[in-house]
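Peer 1: So the sequence lines, in the order shown, correspond to chains Z and F.
Under my numbering, the letters of the first sequence match residues 1 to 185, in that order.
Under my numbering, the letters of the second sequence match residues 1 to 183, in that order.
There could be a bad hint or two in this list.
[Said to hold, decoys possible] SDA-like cross-link-like pairs, simulated, lysine to any residue; straight-line CA separation at most 20 Å:
| # | chain 1 | residue 1 | chain 2 | residue 2 |
| --- | --- | --- | --- | --- |
| 1 | Z | Lys142 | Z | Ala102 |
| 2 | Z | Lys142 | Z | Asn165 |
| 3 | F | Lys118 | F | Leu76 |
| 4 | F | Lys118 | Z | Ser122 |
| 5 | F | Lys165 | F | Gln139 |
| 6 | F | Lys118 | Z | Lys142 |
| 7 | F | Lys165 | Z | Phe117 |
| 8 | F | Lys118 | F | Ser173 |
| 9 | F | Lys165 | F | Tyr105 |
| 10 | F | Lys118 | Z | Gly118 |
| 11 | F | Lys165 | F | Arg59 |
| 12 | F | Lys118 | F | Ala46 |
| 13 | F | Lys165 | Z | Glu121 |
| 14 | F | Lys165 | Z | Ser122 |
| 15 | F | Lys165 | Z | His119 |
| 16 | F | Lys118 | F | Asp100 |
| 17 | Z | Lys142 | Z | Ser122 |
| 18 | F | Lys165 | Z | Gln179 |
| 19 | F | Lys165 | Z | Met125 |
| 20 | F | Lys165 | Z | Lys142 |
[To be verified] Coverage of chain Z stretches by chain F, computed from C-beta distances (three or more under 8 Å per stretch; other residues unrestricted):
| # | segment |
| --- | --- |
| 21 | 51–57 |
| 22 | 89–99 |
| 23 | 130–141 |
To be clear, the hints were calculated from the coordinates, so they are not data collected in a lab.
For every residue, glycine included, the Cβ atom is placed at its ideal position computed from N, Cα and C.
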Amino acid sequence: MKQLIYPIVLVITALGVGFGLSYYSLEQGRELTATHYGVWSGWPELGTAQIDPYARAHLARQGMLPLGKGEGVRFFAQRDTNGDTLSGRCEYSVRGHMPNHALWTIQVRDPGTNQVFGHAESGQMQFSSDGAFDLAIAPKVKPGNWVNTDRLGRIELLLTLYDTNAFTNLGSEEIELPQVQLEAC
Amino acid sequence: MARFALWLLAGLILGGIIHLSVILLVPSFAERDAWSRLAGIAPDQAFVALDPDDNELGRALQLDPALNYGICQFDLARGPIFIDGNLPHSFWSVAIAARDGRVIYSTTSRAGSGDNIKIGVFNPVQSRLLAEEGLEIGQGFLIVNAPTDQLTAIIRLWPEHDALKTRYDEALSQISCTHDAAI
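This is chain Z alone, in the form it adopts within the complex:
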């Protein structure tokens, strides 16, 4: 009987580690292999032939339409600059400059279902004289640029920069993407 225990331990460990780690990597492990820019994380190599196996598996599992690196780069934010989870019941300010681009969009969506509740796009934004913008993400109407969160629970921001070459250059890890600051809750 004792001789059977060791093979059982081996099989349980192998299956647990093998499939458990794979499930975690595919469902929750986006943060592990992504590149981080402040609160934003993403895979600038996602649409290229250099795409890493984890990102490729994540892409296949998620089923999202691929975006070529020459077309654009996507970033996600689930936390504000204080490190707290984003909530649709709170008011946030997305403020700063975007790296060079032809167009950018920010979507507010449910991180579980990917349902998009609202979005903003650069072509319809008001900018200050130095090119900076201030976008309110809030459940109540705000003057200026505003996306309604409709008092939802957890939210996620999805930023897509179309036709940007900012992330192909050496030193692109120094790029600063806009801050996501909590204004009121």
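Go by the hints and put chain F onto chain Z.
Peer 2: Frame of chain Z; chain F shown alone:
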């Protein structure tokens, strides 16, 4: 105790091998990937504009609601494919993606080729034949060499105003994506 640790270590190593195999094999066996979802929608040899009101498709493919999308799926085993048409004067991008999500080729409206797209997609054998026959290739015609046969062409188009969305969807449907074309 040492024997138990040895078996545990072997289990961990085997677990690592299983993990790497799963990660490498998921793209080949995923049934919910973009290719499989589009297979039922995309007609043969034509671009189709994705329905912006189809919430389920939008969520599954994680479409950007600010854009219009045109999709054409094809298999180079049946011959090279030719994409030809005019796009509205706005921001657009074209990508040729393999089934596993790798983007083989992409360009945008800022690349300087105007608003007319002419792309020929060939697999390695077809590319070699093309070179051997020494065909003269028309001006502005882009040749894309694809390492795999099953591909999706994706056009993203940005309407400056919501009122343009319907017109832009019609423009996307007019773009040809066929096996028969003169270069």
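Peer 1: A separate judgement is required for each hint: does it hold in the structure or not?
Peer 2: Hint by hint, here is what the structure shows:
1. Between the alpha carbons of Z/Lys142 and Z/Ala102 the distance comes to roughly 26 Å, so the proposed pair goes past 20 Å and is violated.
2. Of the pairs offered as hints, the one joining Z/Lys142 and Z/Asn165 is violated, with about 33 Å between alpha carbons and a cut-off of 20 Å exceeded.
3. About 17 Å separates the Cα atoms of F/Lys118 and F/Leu76, which keeps this hinted pair within 20 Å; it holds.
4. At most 20 Å may separate the alpha-carbon atoms for a hinted pair to count; F/Lys118 and Z/Ser122 exceed this at roughly 29 Å.
5. Between the alpha carbons of F/Lys165 and F/Gln139 the distance comes to roughly 31 Å, so the proposed pair goes past 20 Å and is violated.
6. The straight-line distance between the Cα atoms of F/Lys118 and Z/Lys142 is roughly 45 Å, outside the 20 Å bound, and the hint therefore fails.
7. Note on F/Lys165 and Z/Phe117: the hinted pairing holds, with a Cα-Cα distance of about 19 Å set against a maximum of 20 Å.
8. Distance hint between F/Lys118 and F/Ser173 is fulfilled; the C-alpha atoms sit about 15 Å from each other, no more than 20 Å.
9. About 26 Å separates the Cα atoms of F/Lys165 and F/Tyr105, which puts this hinted pair outside 20 Å; it is violated.
10. Taking the CA atoms of F/Lys118 and Z/Gly118, the gap is about 35 Å. The hint is violated against a cut of 20 Å.
11. For the proposed pair F/Lys165 and F/Arg59, the alpha carbon gap of about 19 Å is at most 20 Å, so the pair holds.
12. The straight-line distance between the Cα atoms of F/Lys118 and F/Ala46 is roughly 14 Å, inside the 20 Å bound, and the hint therefore holds.
13. Under the criterion of a C-alpha separation no larger than 20 Å, the hint pairing F/Lys165 with Z/Glu121 is consistent with the structure, at around 15 Å.
14. Under the criterion of a C-alpha separation no larger than 20 Å, the hint pairing F/Lys165 with Z/Ser122 is consistent with the structure, at around 17 Å.
15. For a cut-off of 20 Å, the pair hint linking F/Lys165 to Z/His119 stands: about 16 Å separates their Cα positions.
16. Annotation: proposed proximity of F/Lys118 to F/Asp100 is violated, straight-line Cα distance about 24 Å (limit 20 Å).
17. For the suggested pair Z/Lys142 and Z/Ser122, the alpha carbons sit about 18 Å apart, so the restraint of at most 20 Å is met.
18. Of the pairs offered as hints, the one joining F/Lys165 and Z/Gln179 is violated, with about 31 Å between alpha carbons and a cut-off of 20 Å exceeded.
19. Simply put, F/Lys165 and Z/Met125 have alpha-carbon atoms about 19 Å apart, close enough for the 20 Å limit, and the pair holds.
20. This hinted pair does not check out: F/Lys165 and Z/Lys142 have alpha carbons roughly 27 Å apart, beyond 20 Å.
21. Coverage of a stretch by a chain is defined here by at least three residues with a beta carbon nearer than 8 Å to that chain's beta carbons; for the segment 51–57 of chain Z and chain F the count is 5, and the condition holds.
22. Residue count for the segment 89–99 of chain Z with a Cβ under 8 Å from a Cβ of chain F: 0. That is fewer than the three needed, and the coverage hint is violated.
23. Check on the segment 130–141 of chain Z: 0 of its residues sit with their Cβ under 8 Å from a Cβ of chain F, so the three-residue criterion for coverage is violated.
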